[in-house]
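Between the sequences and the hints, there should be enough to build the whole structure, so can you do that?
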Amino acid sequence: NAGVTQTPKFQVLKTGQSMTLQCAQDMNHEYMSWYRQDPGMGLRLIHYSVGAGITDQGEVPNGYNVSRSTTEDFPLRLLSAAPSQTSVYFCASGGVVRSPLHFGNGTRLTVT
Amino acid sequence: AQSVTQPDIHITVSEGASLELRCNYSYGATPYLFWYVQSPGQGLQLLLKYFSGDTLVQGIKGFEAEFKRSQSSFNLRKPSVHWSDAAEYFCAVVGDTNAGKSTFGDGTTLTVKP
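Those protein sequences? They're chains A and B, same order as listed. Heads up, the first sequence is in my numbering, so the first residue is 1 and it goes up one at a time. Heads up, the second sequence is in my numbering, so the first residue is 113 and it goes up one at a time.
The set of hints was computed from the structure by calculation and includes no laboratory data. All C-beta atoms in this analysis are idealised placements derived from N, C-alpha and C, irrespective of residue type, glycine included. Don't take each hint at face value.
What the hints assert, rightly or not - Okay, derived cross-link-like pairs now, SDA-like style, lysine to any residue, Cα gap no bigger than 25 Å in a straight line:
| hint | chain 1 | residue 1 | chain 2 | residue 2 |
| --- | --- | --- | --- | --- |
| 1 | A | Lys14 | A | Val60 |
| 2 | B | Lys180 | A | Gly42 |
| 3 | B | Lys213 | A | Arg108 |
| 4 | B | Lys161 | A | Thr70 |
Claimed, not checked - Some chain A residues near chain B, calculated using beta-carbon distances under 8 Å:
| hint | residue |
| --- | --- |
| 5 | Met41 |
| 6 | Gly42 |
| 7 | Leu45 |
| 8 | Gly58 |
| 9 | Tyr64 |
| 10 | Phe90 |
| 11 | Pro100 |
| 12 | Gly104 |
| 13 | Asn105 |
Structure below.
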């Protein structure tokens, strides 16, 4: 059982470049979310989705876009990368609202 | 708004000693509370959860946590720590009126001395 799969594991971008972080889950979960993790700051919610076609902003959405065309996939797009977006990004899914989250193994992004 | 505070950034305990990690939450109604553990280079894994009922909940790997509404706390405990418990621990709260968004504390890093 794969659970939540994130690709790539590592990425280096130059300032201004764009890219998409992929996230897929095979548990038929309705709820999916993206967090960024920075030292000493815990996990901060970027965007989330409660079902296909429905997305909303979290705590730190600026500079990121999401879409949810299928239940399984929830890609995160960086429109124009900035050094402040250097972080570790985690995708997570949950079966129903308020259920525990299942996390991917993260994508470590460096923007130079 | 919901929030979580983990007062201890870093804790060091000797192997075999007991452990308590503190978590204080802020939420107006009945919260759903979670503890997660993160090993280096990995995602977060659920240790235990509290939804309602018995205020002492048991989790995986011998961990337990006690919900105290009067103190707005949900502290994590383990009677005897193993070297493999060294990791970062996160407390999280989910409200019932915000589409299920989880709010995490800043985490506590646990070091285990031999």
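Consistency of the hints with the structure:
Of the supplied pair hints, the one linking Lys14(A) and Val60(A) holds, its CA atoms being roughly 21 Å apart against a limit of 25 Å. Our distance criterion of 25 Å between C-alpha atoms is met by Lys180(B) and Gly42(A), whose separation comes to about 23 Å. Between Lys213(B) and Arg108(A), the direct Cα distance comes to roughly 23 Å. Compliance with the 25 Å bound is thereby established for this hinted pair. A distance of roughly 29 Å separates the Cα atoms of Lys161(B) and Thr70(A); the hinted pair therefore is violated under the 25 Å criterion.
Of the supplied interface hints, the one on Met41(A) holds, with its beta-carbon coming within about 6 Å of a beta-carbon of chain B, less than 8 Å. Nearest Cβ of chain B to the Cβ of Gly42(A): about 4 Å, under the 8 Å cut. The hint holds. The closest approach between the C-beta of Leu45(A) and any C-beta of chain B is roughly 6 Å, which is under the 8 Å cut-off, so the hint is satisfied. Checking Gly58(A) against chain B: minimum C-beta separation of about 7 Å stays under 8 Å; hint holds.
With a least beta-carbon distance of about 16 Å to chain B, the hint placing Tyr64(A) at the interface is violated under the 8 Å criterion. For Phe90(A), the interface hint holds, since its Cβ comes within 8 Å of a Cβ in chain B; the closest pair sits about 6 Å apart. Residue-level restraint check for Pro100(A) holds (minimum Cβ-Cβ distance to chain B is 5 Å; threshold 8 Å). Look at Gly104(A): its Cβ gets to within about 5 Å of chain B, closer than 8 Å, so that hint holds up.
At a threshold of 8 Å, the smallest CB-CB gap from Asn105(A) to chain B is about 5 Å, leaving the interface hint in force.
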